[in-house]
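Please take these sequences and the hints and turn them into a complete structure.
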Amino acid sequence: MAEPLLRLDAVSAGYGGARVLHEVSLDVAEGEAVALLGRNGVGKTTLIATAIGATRLFGGRIAIAGRDATRLPPEARAALGLGWVPQERNIFRSLTVEENLTAVARPGPWDVKRVQALFPRLAERRRNLGSELSGGEQQMLAIARALMLNPRLLLLDEPLEGLAPVIVQTLLAAIRTIVRSEGTAAIIVEQHARQILPITDRAAILERGRVVHLSPSAELAARPDLMDRYLGLSHA
Amino acid sequence: MSAALRFALQALFWGGWAGAYFALPEYLPLLAQIAIIALFVLSLDLLVGYAGFVTLGHAAFFGLGAYAAGILAQQGWGEPISGLLFGAAVAALVGLLTAPLVLRGGDLTGLMVTLGIAMMLFEAANRMAWLTGGADGLQGVEMWEIFGVWRFDLFGRTAFVYSLTVLFLLYLLARLIVSSPFGLALRGIKGNRRRMEALGTPVRARLVAVYTLSAAYAGIAGALLAQTTQFVSLDVLDFHRSADALLMLVLGGMGSLYGAMLGAIVFMVAHHALSELTPQFWQFWIGIALIALAIAGRGGMLGLAGRLLARWGGR
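Taken in sequence, the protein lines are chains A and B.
With the first letter of the first sequence counted as 1, position 224 gets the number 224 in my numbering; the numbers rise by one all the way through.
Counting from 1 along the second sequence, just add 1000 to a position and that's the residue number in my numbering.
It is worth saying that the hints were derived from the structure and are not from the lab.
One-sided excerpt, in silico: chain B residues whose CB lies under 8 Å from chain A:
1. G1188
2. G1191
3. G1200
4. V1203
Owing to the predicted nature of the structure, the values given are computational and were not obtained by experimental measurement.
Built from N, CA and C at the ideal position, the CB exists for glycine as well.
If you want it as C-alpha cells, here you go:
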C-alpha cells in the first residue's frame, strides 16, 4: 500500500506550555480532500499549524510522503509539498499581487498565468499592492500564493470565514476545481459543514483536541444527529 | 506615478550627476566621495531596507574593502578593477563567515553582534600598524591607469567618472536583484518572516545571501574610496560611518534604491554646506530634518515626495 501523503501519528501539540491537541492521528492520501470540522477552539487551526510545523510538538510523529518530518522546520515541510493558507491570510502588503505570487514560486504546473485563470480577479488587480485588496481578494491571493508552491497537500484554514456570499461561491468553486479537477490533496478547516462536505472525500470532527469522528463526507452528511451533537444545530 | 514621469525623474537624477561634472569642476573630489557614499548607503539598503535586518556595523565591510584594495595597491598591484573585485571578495568572505553569528537570535542580538564585529575590526586595524599603517593611515597607495588609459588626476576628474560609473553599474545590478524572486522573497521576509518560512522559503539562507551581497557592495564602496584618494585612514572603520549611513538611508527612504542614493547626496551636501556655515552646529539641522521626516511619514524624503506628487497629480 502506498504511503499516505501526510500522516499524523498520536500527535500532541500546542503553544507554550498549553496542550491543545491530544494524541491526534490522521492520514491524508494523495489527492484526497478532508474536511476538518468542529466548534470554535477545539484545535482545528492547531492541527494544520502542527502539520506545517508552526506549533510546539509535545509528542507523536509526523510524516510527509513517507518521510519523517517530525523535526523538520516549516520551509522543509513546504518543500516536501505542504501549502498552508492560514486564517490571517498574511498577504505581503508592500508587494503587488503579482509579486506576492512570484516571490514564493516553485516549478510545477501552477504558475502565475494559471492561478490568474483560476482567480480572474487577481489578474485584474495584479499591479495593486497587497494593502489595497478587499478581504475576499486577499483570500483569493492567499490561496493562489499557496498554489504557486505547487503543493501536493493544501492546508486551508477557514477559507470562507467572514466573506460575502457571492465571494464564498467563487472561492468554493475554485477550491472544488483544485481538489477535484486538479486532484490536489487538501485539509479544509471549516465551521460551515454543509458547504464543504459536498466537495470533500472524508470528514473529521475534532472535539477538545481529539478526533471524535472520521468517516466519508457523504456518510456524515447523512447523520444530522452527529452534526447536531458536535457542530451545533445550525449546521444540521 | 506614471512610468513616463518615473523615467524622466531617473534620467534627471543621472543627468544631474553628468551635469555636475561640467558645472562644478572644483568640487569633483567631493562629488566622487558622494557617489562612493551613495554606493555604501545602497549596500546598506539591500540589507536594512529590503530584508529588514538592521545593522550598526556596516562600516566593517566598507573598511575591509578599503584596506584590502589599498594594501593590494601598496604592495605593487595597482590595477583598479581587480582591486575593486578584491575589496568586494574580502568583504564578502568576512560577511559570509560572520553571517551565522549575526543572524543568530533576535534582532537586538544581531544588532549588538554587528556593532561588536565593527569595533573589533577597528581596534585590529589600529593595532596592526605594520599592515594598515595604524592611526597614521595607509601610505603609499599607487594606482595604475584604469584600463591602462585613464590616469587618476589631481582634479578628481577620473576619480569622479570612475566612482559614478561603478555606482551606476552596481545600481543597475541591484535593480535586477531586488525585482528578482530573490529580492521579492527578501521583502516578504521583512514583511512576515514566519509566513515566508511556511511558504517554503529558506529564510536563513536568504538572509545569509543578502548579508554577503551587501558586504560585497560595501567592500566595493570602500575600495573605491581607497583607490580614488590613494589613502586609507582608520576612519573607514569608524562607528560614525555605520551610524551616518543608517541616518542617510532613513533620511532618503528605506527600501528604495533611489531613496538610498538621494539620502546620501542630501546628507553629504548638507554636511558640506552647513559645516562651512556653522562648523560645530551642523548636526543640529540634520537632527531637525530627521525629526521632521519621521513625523511627516514613512519612506523618508522619497516617500514624502511621492505622496506630494500623487496629491498634485490627483488634482
